[in-house]
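Undergrad: Single-letter residue listing:
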Amino acid sequence: KAGVTQTPRYLIKTRGQQVTLSCSPISGHRSVSWYQQTPGQGLQFLFEYFSETQRNKGNFPGRFSGRQFSNSRSEMNVSTLELGDSALYLCASTRGAGGRGSHYEQYFGPGTRLTVT
Amino acid sequence: AQSVTQLGSHVSVSEGALVLLRCNYSSSVPPYLFWYVQYPNQGLQLLLKYTSAATLVKGINGFEAEFKKSETSFHLTKPSAHMSDAAEYFCAVNFFRAFGKGNQVVVIP
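Chain order of the listed sequences is A and B. The opening residue of the first sequence carries number 1 in our numbering; numbering runs sequentially from there. The opening residue of the second sequence carries number 1 in our numbering; numbering runs sequentially from there.
The shape of chain A in the complex, shown without the other chains (with noise of 0.2 Å):
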């Protein structure tokens, strides 16, 4: 069974622009879940969605957003790219529901590497 991937797999982009990053989830999981990974944070969840719903959102400012599709996959959009965007962008995809009660692994794609230049 292919896993998760995560088109493009790296980027670069200048500070104003904006950037649709994608993923296709393992066969037959309805969940999808992205994070942003730095150096100094490690990973934070960015949003979780779940049959075309956002279920949960994390912490971040408006600028980023995403959507799934009724095939599941997903895509996130940062606008107004700033400099503290870089980083490395994972989707991940799990066979449950997914949510706080769950006892569902997730399965990680490679990720999007983004520079912001």
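There may be inaccurate statements among the hints.
Unchecked claim - Result set (BS3-like, lysine-lysine): computed pairs, CA atoms no more than 27 Å apart in a straight line:
id, chain 1, residue 1, chain 2, residue 2
1, B, K49, B, K68
2, B, K58, B, K69
3, B, K101, B, K49
4, B, K49, A, K57
5, B, K101, A, K57
6, A, K13, A, K57
7, B, K58, A, K1
8, B, K68, B, K101
9, B, K49, A, K1
10, B, K58, B, K68
11, B, K101, B, K69
Derived by calculation from the structure, the hints in this document are not laboratory data.
Dock chain B against the given chain A, drawing on the hints supplied.
TA: Chain B only, in chain A's frame:
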């Protein structure tokens, strides 16, 4: 609220020696706990998880972890380090709620 503490961002261990990575958590609900490993330029991969069955959990690559409720801990161990264990390790509690900041493990030959 949930949170995870991993002390020591960088951990050096000699090849063949014990690997011990500490994880302490706080959770307002019964916790589910996870250890993930991340190799360079890859996403995270599950090592093992605790879901309230056995308190001693065995995972892949010879790793295991013990859940201790009284100490709110879920430390990861491996009896004998191998060069291939060089990676970053993350402890997480209750799904996405909180990840530790990670331990970068360096194995010294």
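Undergrad: Are the hints correct? Go through all of them and say.
TA: For each hint, the structure was consulted:
no.: 1; hint: K49/B with K68/B; result: holds, 14 Å
no.: 2; hint: K58/B with K69/B; result: holds, 18 Å
no.: 3; hint: K101/B with K49/B; result: holds, 18 Å
no.: 4; hint: K49/B with K57/A; result: holds, 24 Å
no.: 5; hint: K101/B with K57/A; result: holds, 19 Å
no.: 6; hint: K13/A with K57/A; result: holds, 25 Å
no.: 7; hint: K58/B with K1/A; result: holds, 24 Å
no.: 8; hint: K68/B with K101/B; result: holds, 21 Å
no.: 9; hint: K49/B with K1/A; result: holds, 22 Å
no.: 10; hint: K58/B with K68/B; result: holds, 15 Å
no.: 11; hint: K101/B with K69/B; result: holds, 21 Å
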